[in-house]
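From just these sequences and the hints, can you work out the full model?
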Amino acid sequence: MIAQVEEEVGVSTPPETPDRRRLALSDYLWALPALILVVGVIHAGIAANAFYSLFDWSGVGSPSDFVGGANYTKLLQDPIFWQALRNTLVFAVATVAIQLTLGLALAVLVRTKVRLRGLLRTMVFVPVVLAPAVVATSFRILLTPDGGFNHLLWGLGLGGFDQAWLADPRTAFGAIILINVWQYTGYSFLIYDAAIGQIDRGLFEAARIDGATTWQLNTAVVAPMLRGSHLVLIVLGFISSLKMFDLVFLTTGGGPGTTTQVLTGYIYKQVIAQFHAGYGAALSIVLVLTALVFSILQVRLSTSESR
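If you're matching positions, the sequence shown starts at 1 in this note's numbering and goes up one per residue.
Be aware that one or more of the hints could be misleading.
Heads up, simulated DSSO-like pairs for lysine-lysine below, C-alpha to C-alpha not over 30 Å straight-line [claimed, not checked]:
{"hint": "1", "residue 1": "K269", "residue 2": "K74"}
{"hint": "2", "residue 1": "K243", "residue 2": "K269"}
{"hint": "3", "residue 1": "K74", "residue 2": "K243"}
Bear in mind the hints are in silico, worked out from the structure with no lab data behind them.
Below, the structure written as structure tokens:
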């Protein structure tokens, strides 16, 4: 039918020449390195992990002791796994909520007529570019019983509040959350700052003419216009939290006891420290499936926002 219409109106489709075919082939060749990386490394690694999870394997030599789904049954009955999963989800919820709130507040502040806005932007974003290993090591030193933070409390006359912040089960997990917030709030700030800059200034002027206060302007105009930024930061924050390893490993090592243990740290402990590679592979598959859920959510949300 399309060909008949094109023939009637005098439109002809150019023949597919060898040059056009070579051009189409070259387009695929440009994508080949990324395809090899994704399929040959990431997807193949996940498939191998799923295979190893069916064995009682130490990680040395070839797996031979096939146990089927026994590792997954053990996982469901493992209290440390459930604690690590709970810690990971609590960490994700807490850090994402605090980072979004502080990031939005700082972005709104910078977009007002505050002095030294450029310096404020730089100071907020600098922690983001620091290596997590540097941040974790620095805070581990600062938060020791005789570290700089407790000395600061004594200097302010608050010596009664000093703690072994990373060695006390009551404060260790909260301290890790606040360290992560300190480092990555700048990322949320950057996204919000850019998004606010794209909002039509006429909306602000119209709201001001209607008598809107600053609070009403931010809650009724700015916040709803940033819906796409909220969703992206929430999903990316959760995925990033699932991968969080270095901060916990370099500050508390999952302790005291298992109070700060997270999924990635528990996988490391099982595979590297205890040579339970088969069980660690099963834990990794659970982590991959959890991340996959958030990845699908991100794609769906991004698609709906683009429409």
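To see whether the hints hold, each was checked on the structure:
no.	hint	result
1	K269 with K74	holds (16 Å)
2	K243 with K269	holds (15 Å)
3	K74 with K243	holds (23 Å)
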